[in-house]
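Quick note, the sequences are listed as chains A and B, same order.
Residue 122 in the working numbering sits at position 122 of the first sequence, and the numbers go up by one each step.
Residue 241 in the working numbering sits at position 241 of the second sequence, and the numbers go up by one each step.
Hints were generated in silico from the structure; no laboratory data involved.
From the three backbone atoms N, C-alpha and C, an ideal C-beta is built for every residue, glycine too.
Hints are not guaranteed to be accurate.
[As the list claims (entries may be wrong)] Derived BS3-like pairs (lysine-lysine); straight-line CA-CA distance at most 25 Å: (1) K211(B) <-> K143(A); (2) K366(A) <-> K67(B); (3) K378(A) <-> K366(A); (4) K92(B) <-> K366(A); (5) K210(B) <-> K297(A); (6) K68(B) <-> K366(A); (7) K378(A) <-> K143(A); (8) K297(A) <-> K228(A); (9) K114(B) <-> K210(B); (10) K225(B) <-> K211(B); (11) K75(B) <-> K366(A); (12) K366(A) <-> K62(B); (13) K114(B) <-> K67(B); (14) K225(B) <-> K143(A).
[Claimed, not checked] If we take Cβ atoms under 7 Å as the criterion, some of the chain B residues that face chain A in the derived model are: (15) S39; (16) R41; (17) H304.
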Amino acid sequence: MSIEAGHAGLIRRIAINTGAGYVPGMNAVIMGAALAAGRLGWEMIGIRDGFDGLLHPDRYPDGGLLTLSPELVENLDPAGSGVLGQSLRVDPFHVRQVTEDGMVEEVDMSDQLLERLKAENIDALISVVGGRGLSILYKLHRKGLNVVCVPRSIENDIAATMVSFGFNSALSFTVEMLDRVRQAAQSARKIGVVEVLGEQAGWLALQAGIAARADVVLIPEIPCDLQKVATRLKEKVTPRRPYGLVVVAEGATFIDDPNEKTQTSSFKASLSPLATGEASEHVIHRTGHAAETVANKLQLLIAEETYPLVLGPWVRGGVPTAVDRQLGLGYGAGAVRAMRSGKYGVMMAFAPPDIQYVPLSEAINKIRTVPLDCEFIKIAQSLGICLGREL
Amino acid sequence: MNNQANNSSAPTGTVLNIQRYCSHDGPGIRTTVFLKGCSLRCKWCGNPESIRQKPELAYDPKLCVGKKECGACLKPPCPEGAFYVIDGPDDKIHINWDLASNCGEETVAVCPTKALYLFGERMTVDQVLDEVEKDSSFYRTTGGGMTLSGGECLLQPDFSAALLKGAHERGFNTAIETACNVPWRFVEQVLPHVDTMLHDHKMTVPERHKKWVGVDNKRILENFKKAYETFPNIDFIARTPLIPGINADEEHIRAVLAFIRPHKNVIDYELLPYHRFGLGKYEFLGWVYELDDYKSPSPELVAHLQAIIDEAFGRSGKTATT
């Protein structure tokens, strides 16, 4: 491999880790970063399982750190699962452990983390994280960590970038599954109600629903009126076309039904303040709840049979699409370029056609939701897709 | 307030909540005092605000008047980025729980409407008992009294012992709810002042206990056994939070019965069907709820397992069928 001449600053050894939750394309980011670092003559170290490999090296017989040599990276399968693994949560400020006295507690290990990085001569970190991880990395940056974040999100809800890697793979798989559900609904003469990921942002439901030509798409940004949805379905589901397809994001909300009261506990839950009420209203009760709710209510409102299906977590796995491979490689290489320019405390962002970086302070506390006047909404309306109510 | 409240040598404790008119935490009508801090991390915990021992930030959006009218928390001394407003018509404050994790009294003080407040308050023994005293007439007529719950009330042994002793001195029946994952010396210090001990048998197999609760159950079972034998006059009531797929099975129920039945002072075994009502509080605290896709047990399953217990205790009722 030829070494790119130029300014390499003081950095010679950098690290990369990945946050909680698998997203297709993790290896592509690692590969992109390691190859770009290699061309600068920098050594790239992978931290296993979030920060665990650094904070708890004793748990790893082969060591908690992995040197991402050019030879290793060359042979890394971009379609494979993340070579570094993940932990449940990447939060060195609240590390759960059991004391000598047998008590479980959370301790702040952020200082130890910075010390360990220093002891390993690691100058800077590339962290592949979701929305919440950005806040934690921002906190670490304020404590002195040189960090560049790469946004990953299945739901594409990170505001500061047009596209997070992982979204396109999830979208492709979702469309493929919706096509199958559509065919199954057609042969069974039923209405398929499919729940897809999207707690606060409906991009996946909306874009997949358009691509699969769904009859109805329900997203968190548009509280839906199921009476109106039923009326539209009655028009669409006819003896000549005796089937339907409804796509519902897991965080879809409904216009208040005065006949339905929020369930409250008469026992333990009532003992603590805030157990019910406003704080609980937008909580996702469990995977499948949205599909079940919509399917059951629609079946009561129209003379057709519905069946709920949950795609949810399935779309987190699988092979990355060409778009995600390119994006992952681009983000990884771009993160090294940011470091080379001395940019820290930033997140990589795709602003077509460029890959840029934005300060973490501007990337946190924002969610990229679907604007009601966006092009995808207009497309859906033009195609006659019901969005839950009149806009 | 009683004079002792100002006595600096009197133990103080962190109290999460004092709940009046409780009927499930021991005999009669009771006042339950929730102490803050727990030594386990049950994935199904319905009271996550009770887990950490120190007071922590809580937020009631209903009381927030928004950025235009107030916005006090968007400025120092509140940490940068901890509080924010989303673009759009919603003017209310949102909280970045990761950046607000160290916010305490200084932060709460800036909020004029008390939308920001703290879960947990330092209280003296007499402050708590004066609150408990308000329902003393109910205790006399129903045989009720004060129950210490949590969190884990045995994690504050000085405070708990003083509270229970004080309750006895005022003539109240006393009870505690505990999982007993504490050193025996804590148990030993508190139990002399207890009339009823409600205690959790969450899981039978140690490895599974560790997986779902955070530690294995070896010390817990040792403490239970020692408590049954050392304190014969206490009424012990065993309990199991019943979660399908985790512990809602005959094997666990029968194992618990085998453990408790040799001890005559274990007077009952109760099932607490799992519910998800605490889920909103995880959002409120910025915590991840790890038991995402579990359902409450069916009434039929609860009835079936209850019948096994009734049969073991020689009570009339339906006979258990398999």
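Evaluated hints:
For the suggested pair K211(B) and K143(A), the alpha carbons sit about 33 Å apart, so the restraint of at most 25 Å is broken. Proposed proximity of K366(A) and K67(B) is supported: the alpha carbons are some 16 Å apart, at most 25 Å. Of the supplied pair hints, the one linking K378(A) and K366(A) holds, its CA atoms being roughly 24 Å apart against a limit of 25 Å. For the proposed pair K92(B) and K366(A), the alpha carbon gap of about 14 Å is at most 25 Å, so the pair holds.
The straight-line distance between the Cα atoms of K210(B) and K297(A) is roughly 41 Å, outside the 25 Å bound, and the hint therefore fails. About 19 Å separates the Cα atoms of K68(B) and K366(A), which keeps this hinted pair within 25 Å; it holds. With a C-alpha separation of about 45 Å, the suggested pairing of K378(A) with K143(A) is violated against the 25 Å cut-off. Distance hint between K297(A) and K228(A) is fulfilled; the C-alpha atoms sit about 12 Å from each other, no more than 25 Å.
Distance hint between K114(B) and K210(B) is unfulfilled; the C-alpha atoms sit about 39 Å from each other, more than 25 Å. Taking the CA atoms of K225(B) and K211(B), the gap is near 23 Å; set against the 25 Å cutoff, the hint holds. Between K75(B) and K366(A) the CA atoms are separated by roughly 18 Å; this keeps the pair inside 25 Å, and the hint holds. At roughly 21 Å between alpha-carbon atoms, K366(A) and K62(B) fall within 25 Å of each other, so this suggested pair holds.
Among the hinted pairs, K114(B) with K67(B) is consistent with the structure: their alpha-carbon atoms are about 15 Å apart, no more than 25 Å. At most 25 Å may separate the alpha-carbon atoms for a hinted pair to count; K225(B) and K143(A) exceed this at roughly 48 Å. Interface hint status for S39(B): upheld, as the beta-carbon distance to the closest one in chain A is roughly 4 Å, under 7 Å. At about 5 Å, the closest approach between the beta carbon of R41(B) and any beta carbon in chain A falls short of 7 Å, and the interface hint on this residue holds.
Because the smallest distance between the Cβ of H304(B) and any Cβ of chain A comes to about 20 Å, over 7 Å, the interface hint for this residue is violated.
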